Amino acid sequence: MNTLTCRPITPAVSAELDDRWQDSAACLSVGGDAFFADTVRGEKAARRVCTGCPVIGVCLLDARTRESAAKERWGVAGGLSAEQRLALSWEERLHHHFPAPAVAQELLAPWWAGELRRLHRSGRTPDDIAQDLAGSVRPDAVTVRLALWWLGESGTRVRSRQDGESGTETERITELYGPVVKRMRSMGAARRDVAAYLGVNTGYAERIITRLAAVARDQEGIAA
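Residue numbers (UniProt numbering): 1 to 224.
Incorrect hints may appear among the rest.
Said to hold, decoys possible - Here are the simulated SDA-like pairs of lysine to any residue, each with C-alpha atoms no more than 20 angstroms apart in a straight line:
no., residue 1, residue 2
1, Lys44, Gly75
2, Lys182, Val215
3, Lys182, Tyr204
4, Lys71, Arg192
5, Lys182, Trp90
6, Lys182, Leu86
7, Lys44, Arg117
8, Lys182, Val158
9, Lys182, Ser89
10, Lys71, His96
11, Lys44, Ser154
12, Lys44, Ser81
13, Lys71, Arg93
14, Lys44, Arg73
15, Lys182, Leu212
16, Lys44, Leu108
17, Lys182, Glu171
18, Lys182, Arg217
19, Lys182, Ala216
20, Lys182, Arg159
21, Lys71, Leu61
22, Lys44, Glu83
23, Lys71, Arg185
24, Lys182, Arg172
25, Lys71, Glu83
26, Lys182, Thr170
27, Lys182, Thr210
28, Lys71, Asp38
29, Lys71, Phe36
30, Lys182, Thr202
As the list claims (entries may be wrong) - Just the calculated beta-carbon pair ranges, DEER-fashion:
no., residue 1, residue 2, range
31, Ala69, Ser166, 41 to 49 angstroms
32, Ser160, Ala109, 23 to 31 angstroms
33, Ala134, Gly52, 22 to 30 angstroms
34, Glu72, Gly42, 14 to 22 angstroms
35, Ser68, Ala113, 25 to 33 angstroms
36, Asp38, Leu108, 23 to 31 angstroms
37, Gly52, Ala190, 30 to 38 angstroms
38, Lys71, Asn201, 17 to 25 angstroms
39, Asp38, Glu206, 16 to 24 angstroms
40, Thr202, Leu176, 13 to 21 angstroms
These are computed hints drawn from the structure, not numbers from a lab.
Every value quoted in this text rests on a predicted model; they were computed, and no experiment measured them.
A virtual CB, placed ideally from N, CA and C, is assigned to each residue, including glycine.
With the sequences and hints as input, model every part of the structure.
Right, dumping it as structure tokens:
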């Protein structure tokens, strides 16, 4: 069993990036259009090309640099979909941290990959898993989330319903994640941003935003 350490990625890493890394990319033999597919099946096929690519982490850092000021993201890059890269941008804005791709790649080793899948499928969130692994490894939640995405898992930040929890799913998620969603909204987040960050569909995000607005109106009415 290997011991991993979390090595935070800093802007200085971008200085190492130049076009030479592309010479080792697994996608060289694949047409570029394959990474801008307009179907779920096509996107999954493109991400499979990234699996095992020796420069997947550098590719992700390159995408981060190119998309830092972008309002829209397109296609697959660094083994992630546009929505997943949008989620990472919000991870960075909210928590001031970007995942460590080298550590995430180490978590793809067979034993760790199996453990990540087991924990995530049992309802554990990336934050939970980071705590579960704290005794032997030290990846943070966003690095765990990246590794889960590279493994083809959802990487959702929303934990599964626990015994004894009541209310609708929208009510439950709003109660758990309302504060962070309100913070995101104050920073200009649209429903797509909320959906990407939490790892839910846009319908859920819209219902959460609507419920938060209704709660705010009720509180204003009580205060008046």
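Here's how the hints hold up against the structure:
{"no.": "1", "hint": "Lys44 - Gly75", "result": "holds, 11 angstroms"}
{"no.": "2", "hint": "Lys182 - Val215", "result": "holds, 12 angstroms"}
{"no.": "3", "hint": "Lys182 - Tyr204", "result": "holds, 15 angstroms"}
{"no.": "4", "hint": "Lys71 - Arg192", "result": "holds, 12 angstroms"}
{"no.": "5", "hint": "Lys182 - Trp90", "result": "holds, 13 angstroms"}
{"no.": "6", "hint": "Lys182 - Leu86", "result": "holds, 18 angstroms"}
{"no.": "7", "hint": "Lys44 - Arg117", "result": "holds, 18 angstroms"}
{"no.": "8", "hint": "Lys182 - Val158", "result": "holds, 16 angstroms"}
{"no.": "9", "hint": "Lys182 - Ser89", "result": "holds, 17 angstroms"}
{"no.": "10", "hint": "Lys71 - His96", "result": "holds, 19 angstroms"}
{"no.": "11", "hint": "Lys44 - Ser154", "result": "holds, 13 angstroms"}
{"no.": "12", "hint": "Lys44 - Ser81", "result": "holds, 9 angstroms"}
{"no.": "13", "hint": "Lys71 - Arg93", "result": "holds, 14 angstroms"}
{"no.": "14", "hint": "Lys44 - Arg73", "result": "holds, 17 angstroms"}
{"no.": "15", "hint": "Lys182 - Leu212", "result": "holds, 8 angstroms"}
{"no.": "16", "hint": "Lys44 - Leu108", "result": "holds, 18 angstroms"}
{"no.": "17", "hint": "Lys182 - Glu171", "result": "holds, 15 angstroms"}
{"no.": "18", "hint": "Lys182 - Arg217", "result": "holds, 14 angstroms"}
{"no.": "19", "hint": "Lys182 - Ala216", "result": "holds, 10 angstroms"}
{"no.": "20", "hint": "Lys182 - Arg159", "result": "holds, 19 angstroms"}
{"no.": "21", "hint": "Lys71 - Leu61", "result": "holds, 17 angstroms"}
{"no.": "22", "hint": "Lys44 - Glu83", "result": "holds, 13 angstroms"}
{"no.": "23", "hint": "Lys71 - Arg185", "result": "holds, 16 angstroms"}
{"no.": "24", "hint": "Lys182 - Arg172", "result": "holds, 15 angstroms"}
{"no.": "25", "hint": "Lys71 - Glu83", "result": "holds, 12 angstroms"}
{"no.": "26", "hint": "Lys182 - Thr170", "result": "holds, 15 angstroms"}
{"no.": "27", "hint": "Lys182 - Thr210", "result": "holds, 11 angstroms"}
{"no.": "28", "hint": "Lys71 - Asp38", "result": "holds, 19 angstroms"}
{"no.": "29", "hint": "Lys71 - Phe36", "result": "holds, 17 angstroms"}
{"no.": "30", "hint": "Lys182 - Thr202", "result": "holds, 16 angstroms"}
{"no.": "31", "hint": "Ala69 - Ser166: 41 to 49 angstroms", "result": "holds, 43 angstroms"}
{"no.": "32", "hint": "Ser160 - Ala109: 23 to 31 angstroms", "result": "holds, 26 angstroms"}
{"no.": "33", "hint": "Ala134 - Gly52: 22 to 30 angstroms", "result": "holds, 28 angstroms"}
{"no.": "34", "hint": "Glu72 - Gly42: 14 to 22 angstroms", "result": "holds, 19 angstroms"}
{"no.": "35", "hint": "Ser68 - Ala113: 25 to 33 angstroms", "result": "holds, 30 angstroms"}
{"no.": "36", "hint": "Asp38 - Leu108: 23 to 31 angstroms", "result": "holds, 28 angstroms"}
{"no.": "37", "hint": "Gly52 - Ala190: 30 to 38 angstroms", "result": "holds, 34 angstroms"}
{"no.": "38", "hint": "Lys71 - Asn201: 17 to 25 angstroms", "result": "holds, 21 angstroms"}
{"no.": "39", "hint": "Asp38 - Glu206: 16 to 24 angstroms", "result": "holds, 23 angstroms"}
{"no.": "40", "hint": "Thr202 - Leu176: 13 to 21 angstroms", "result": "holds, 18 angstroms"}
Consistency with the previously given hints is maintained throughout, with no hint failing.
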